[in-house]
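Under UniProt numbering, the first residue of the sequence shown carries the number 1, and numbering increases by one thereafter.
Keep in mind that the hints are not guaranteed to be accurate.
[Unchecked claim] Simulated pairs of lysine-lysine, DSBU-like, Cα-Cα distance not exceeding 35 Å:
(1) Lys22 x Lys35
(2) Lys259 x Lys35
(3) Lys22 x Lys259
What the hints contain is simulated information worked out from the structure, not anything from laboratory work.
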Amino acid sequence: MDFTYDDEQDALRDAVRGLLGKAYSDFEQRRQTCKADPGFSEQVWSQMAEMGLLGLPFSEEDGGVGAGPVEIAIVCQEIGRVIAPEPYLQAVVLAGGLVQACGTPEQRQDVLGALAGGERLLAFAHDEPGSRWAPTASAVTAAQDGDSWSLTGTKEPVVQGARADQLVVSAALPDGGTGLFLVDADAIERTDYPTYDGGRAAQVTFDATPATPLGEPGRDLAGSIATVQDIARIMAANIAVGAMETALRTTSGYLTSRKQFGVTLNTFQALTFRAADMYVSLELATSVVSWATMVLQTGDVARVRDAAARAGLQASRAGRHIGQEAIQLHGGIGMTAEYSVGSYTAVLTALDHLLGDGDHHLVDLAGSVADHGAIDPLAVG
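Please build the complete structure, drawing on both the sequences and the hints.
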């Protein structure tokens, strides 16, 4: 596989880096943006729409750009480098990805066109207490009355659920299975709260709330949800790679500038060894995540699921190692809210729990060990 970007991909990376680097050139800007409503920059979101970033994954017929997984991964890595709070993964990759995969042509053109243009913010209301990242739903149930559908129950957490204009909601169908529905935000009860990584989430309550089936009414879409979740896992791992790069770079810079006993910290061999171990973890994660991104282009559901588990597991291992070591090597300053390293670690931790932690990915991989003839699936090419 060739992991080298072509000229257009290089230009995309530079453009996204320029936009987000300017918006969050100072870490304090990110802190203040997260503190203010709605927890991300509406201006940056609009600029991302103007650049075509919100429509990257979607076909031109649906108002998008029709780009591939590599281009989306480039955007995600740049988001990770500055831990930008814009909900690209949740709104575009997850919610938008489900509309693209399951919606009717009319729904795709309406919803995705508005999302790509920055006119409508989507959120995916799927997580339920105790669900452990399953592609099925049980806490919210769907009821049918003729051609009309309604939803009852609670979803939590819903990332940016309080700001979203429209929700893509998973619900248990009357005849079994899990369906997807579009629900306008003004028809639901939402309780907003901050998350420990600086983001926003909401508890969303449905009480016989009118809903529009996404795609064919009554169809079990758990398989489609699982596939889009796997795509999002790989993109979340790309965000983690970007965050780990900055965390390591910040830590290395601190070791080469901070003095103790009259010399810089990188003079002490034990500290440089720990920084070197962080670099090894980053390189391992980058390699696996880059490979998984390339697998997305095959469209093979089984291979994508396997690749998502490998990328998620390696990003989980590396993220925990790099995040914790970054704080340790900084000492007390690494724990302060005003310094960036702690926030990078918080984001890496949140990503680890967003779509499945390391144990979850390890369980997914366990079944494929015999197929690969290897004890550690990460060692398989």
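*Which of the stated hints cannot be reconciled with the structure, identified by number in ascending sequence?*
Hint check: nothing fails, all pass.
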